[in-house]
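First to last, the sequence lines map onto chains A and B.
Numbered per numbering that gives the first Met the number 0, the first sequence spans residues 0 to 370.
Numbered per numbering that gives the first Met the number 0, the second sequence spans residues 0 to 370.
Keep in mind the hints are simulated off the structure, nothing from the lab.
Any given hint could turn out to be false.
For chains that are exact copies, the list does not tell them apart, and a pair is met inside one copy or across any two.
What the hints assert, rightly or not - Simulated pairs of lysine to aspartate or glutamate, EDC-like, Cα-Cα distance not exceeding 16 Å: (1) LYS318 - ASP35; (2) LYS47 - ASP179; (3) LYS230 - GLU99; (4) LYS338 - ASP313.
Number of protein chains: 2
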Amino acid sequence: MLTVAPPTRLLLGPGPSPVHPRVYQAISQPVVGHLDPYFFQVNEEIRKGLQTCFGTTNEFTMVISGTGSAGMETAVTNFVEPGMKFAVFANGYFADRITEMGRRHGAQIVRLEKPWGESFTGAEAEDFISRHKPQLVAFIQAETSTGCYTPGKGICEAARKVGALTIADTVTSLGGMPVDVDAMGIDIAYSGTQKALGCPPGLAPITVGPRGVEYLRARKAPSVSWYLDLKLLLDYYEQAHRYHHTAPVSMFYALRESLAVIEEEGLPARLERHRKNHEAFVAGMESLGTAMYVAGEHRLWTLNTPRVPDGVNDLAVRKHLIAKYGIEIAGGLGPLAGKVFRIGTMGYGSSAENVSLLVDALRDAFAVAKA
Amino acid sequence: MLTVAPPTRLLLGPGPSPVHPRVYQAISQPVVGHLDPYFFQVNEEIRKGLQTCFGTTNEFTMVISGTGSAGMETAVTNFVEPGMKFAVFANGYFADRITEMGRRHGAQIVRLEKPWGESFTGAEAEDFISRHKPQLVAFIQAETSTGCYTPGKGICEAARKVGALTIADTVTSLGGMPVDVDAMGIDIAYSGTQKALGCPPGLAPITVGPRGVEYLRARKAPSVSWYLDLKLLLDYYEQAHRYHHTAPVSMFYALRESLAVIEEEGLPARLERHRKNHEAFVAGMESLGTAMYVAGEHRLWTLNTPRVPDGVNDLAVRKHLIAKYGIEIAGGLGPLAGKVFRIGTMGYGSSAENVSLLVDALRDAFAVAKA
Numbered sequence: 000m001l002t003v004a005p006p007t008r009l010l011l012g013p014g015p016s017p018v019h020p021r022v023y024q025a026i027s028q029p030v031v032g033h034l035d036p037y038f039f040q041v042n043e044e045i046r047k048g049l050q051t052c053f054g055t056t057n058e059f060t061m062v063i064s065g066t067g068s069a070g071m072e073t074a075v076t077n078f079v080e081p082g083m084k085f086a087v088f089a090n091g092y093f094a095d096r097i098t099e100m101g102r103r104h105g106a107q108i109v110r111l112e113k114p115w116g117e118s119f120t121g122a123e124a125e126d127f128i129s130r131h132k133p134q135l136v137a138f139i140q141a142e143t144s145t146g147c148y149t150p151g152k153g154i155c156e157a158a159r160k161v162g163a164l165t166i167a168d169t170v171t172s173l174g175g176m177p178v179d180v181d182a183m184g185i186d187i188a189y190s191g192t193q194k195a196l197g198c199p200p201g202l203a204p205i206t207v208g209p210r211g212v213e214y215l216r217a218r219k220a221p222s223v224s225w226y227l228d229l230k231l232l233l234d235y236y237e238q239a240h241r242y243h244h245t246a247p248v249s250m251f252y253a254l255r256e257s258l259a260v261i262e263e264e265g266l267p268a269r270l271e272r273h274r275k276n277h278e279a280f281v282a283g284m285e286s287l288g289t290a291m292y293v294a295g296e297h298r299l300w301t302l303n304t305p306r307v308p309d310g311v312n313d314l315a316v317r318k319h320l321i322a323k324y325g326i327e328i329a330g331g332l333g334p335l336a337g338k339v340f341r342i343g344t345m346g347y348g349s350s351a352e353n354v355s356l357l358v359d360a361l362r363d364a365f366a367v368a369k370a
Numbered sequence: 000m001l002t003v004a005p006p007t008r009l010l011l012g013p014g015p016s017p018v019h020p021r022v023y024q025a026i027s028q029p030v031v032g033h034l035d036p037y038f039f040q041v042n043e044e045i046r047k048g049l050q051t052c053f054g055t056t057n058e059f060t061m062v063i064s065g066t067g068s069a070g071m072e073t074a075v076t077n078f079v080e081p082g083m084k085f086a087v088f089a090n091g092y093f094a095d096r097i098t099e100m101g102r103r104h105g106a107q108i109v110r111l112e113k114p115w116g117e118s119f120t121g122a123e124a125e126d127f128i129s130r131h132k133p134q135l136v137a138f139i140q141a142e143t144s145t146g147c148y149t150p151g152k153g154i155c156e157a158a159r160k161v162g163a164l165t166i167a168d169t170v171t172s173l174g175g176m177p178v179d180v181d182a183m184g185i186d187i188a189y190s191g192t193q194k195a196l197g198c199p200p201g202l203a204p205i206t207v208g209p210r211g212v213e214y215l216r217a218r219k220a221p222s223v224s225w226y227l228d229l230k231l232l233l234d235y236y237e238q239a240h241r242y243h244h245t246a247p248v249s250m251f252y253a254l255r256e257s258l259a260v261i262e263e264e265g266l267p268a269r270l271e272r273h274r275k276n277h278e279a280f281v282a283g284m285e286s287l288g289t290a291m292y293v294a295g296e297h298r299l300w301t302l303n304t305p306r307v308p309d310g311v312n313d314l315a316v317r318k319h320l321i322a323k324y325g326i327e328i329a330g331g332l333g334p335l336a337g338k339v340f341r342i343g344t345m346g347y348g349s350s351a352e353n354v355s356l357l358v359d360a361l362r363d364a365f366a367v368a369k370a
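Looking at chain A on its own, in the form it has when it is part of the complex (with noise of 0.2 Å):
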């Protein structure tokens, strides 16, 4: 008799996003061991995947043993150093995270802020960026606290002037929306497993450019965290196969089945897929007289933040669809707590028939929890 026995939801909030039968399936196939040849195998087949879901030919595509926030900071221990001047674009929760491990890892930060569910224009970037003229640039493609979708060219382009490097945040973009790291010109992104790609979470999918690699080449002391040092990981993915840490095995089958899914449907067809639902669930709020909070040529597919109706409470509606419906959404962090829900259509879980249910559930919520 097995123990584990979770309730049945349906999982429309910000992640985890419903996952794929064969993944499930693919998880718990035999472990092998870390060094085995059929594991390096699985690896190169995920960074050939997640090449084409990132939108580049970066050799240096790989996954970070921990969940997305890993990949955060995977890209801060390597990229920042003590006293270097860190420009983040602020306009979400995701953006202060990175500025707090900025922080933390000693770098001088300035902030370009927005309200949040703002994006930022091109002439925008390029008047921070010049004016401050940092080593290295952060901004949220996918901004998982507000909907708000910033592809990043303008900052790109602004930055490379200046001759920074870029970090983008694609967490719930990547496999959902375009990402186009190679022509945004980004140099390092990082996402995690469990939003479009259609996979549990756990793994930190990063790819890095030339640039960067030349960067981390160059650098002179180690970063801090060891355990997310990309040069040693390198050297155990892939050159002489050095052990670092034992990886996640089990999780390696998951994320390989998800991109082999995706890799089926194809990448056009799957944004595709996601523009789709999402536009259909946008009318389905109008149909309700909700007005979604970020505006429509920001909006991210995978994320839809419908602002909550007045009169209407938002605990009372999540509480009423995962009671009457095990429906799973989130409301707002921050600023926006309150304000909007957070729900995901995403990965496995972009459906016309999902997006469908969930429209009649929240009519009916709405009306429950208005009353």
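Following the hints, position chain B against chain A.
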């Protein structure tokens, strides 16, 4: 059709070890959210199960979302501050690793060095610690590189006399040998899931005693690592359930189930099983004329290091075992490369059948690799 199709291996190396079928079933159960009440229930059950294995009543017992090395780094980043005097009992590869992590965190390191495979007497510990008066002391209770066991009582007593905290690496002892955190007087212990707990790799159990918690509470500057910051993790797991990162839910299911399996067997019976199968393996090696590297009273029951017989090629033996029997064992690291095998009899893999299969396979392999 599943893309992931691993070969069948009998994992008798230093980990990952064979996984119980129930654990594979558990890992593929439907994911719930990382803020779902069911997740926190699983987490509480894990904490209780870990307290038993660690031999502690520490409230502060939890799981880090990374592998065993992330557990080591958690201990270092939370308890090492720049300039601090950090004493390491160095008798193998993992002692060198924690030394390196300590250096990266700005510690002033002092080391008591012994040849790989030897342990430390209480008098040696007392002399070293009273001479250096460190603020923090680390030792490797179960040295996976050598098969040497250092329970730690003498070290912890000496450390307490000078007011130092102690860190113990219990990666290869937890669930297969007495760890006895409270009885030994260990302040901080971490481990991994893929050894004697019989679970896939991916999580790092950790426990912190009252003196460690007091240190954390009094600590002024935050740890350099945000991802591994125990104060923030405490807020997530134990108190307000304040969102920190998205926990790898599937891995938590796996660990929960492996702890249920341990509870059903009973820890004393489990340790006794490990002892018996280890002794049967040693007897088997003696019947092949092969001596053990570590002296009898210091041998781990989980990880055995028989010497490579004279005239036998280490690599040829390992290749033969994989090719003919699908059995994975490992060679020596560093100064022990080519001199010992590293053979795991741990977790679900510690059985009379596996020992007898392996001894027969080694007899065959020694003959082949000598020819």
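For this session: Tell me, please, which holds for LYS47 and ASP179 at an alpha-carbon limit of 16 Å: within, between, both or neither?
Result: For LYS47 and ASP179, only the intra-copy Cα distance (15 Å) is at most 16 Å; the inter-copy one is 45 Å.
Problem set entry | Within, between, both or neither, where LYS318 and ASP35 count as close if Cα-Cα is 16 Å or less | Between. Shortest inter-copy distance 12 Å satisfies the 16 Å Cα cut-off; intra-copy 46 Å does not.
For this session: At 16 Å max between alpha carbons, let me know whether LYS338 reaches ASP313 within a copy, between copies, both or neither.
Result: within (8 Å within a copy, 65 Å between copies)
Problem set entry | Intra- versus inter-copy proximity for GLU99 and LYS230 (alpha-carbon distance at most 16 Å) | between (24 Å within a copy, 15 Å between copies)
No hint from the list above goes unmet by this structure.
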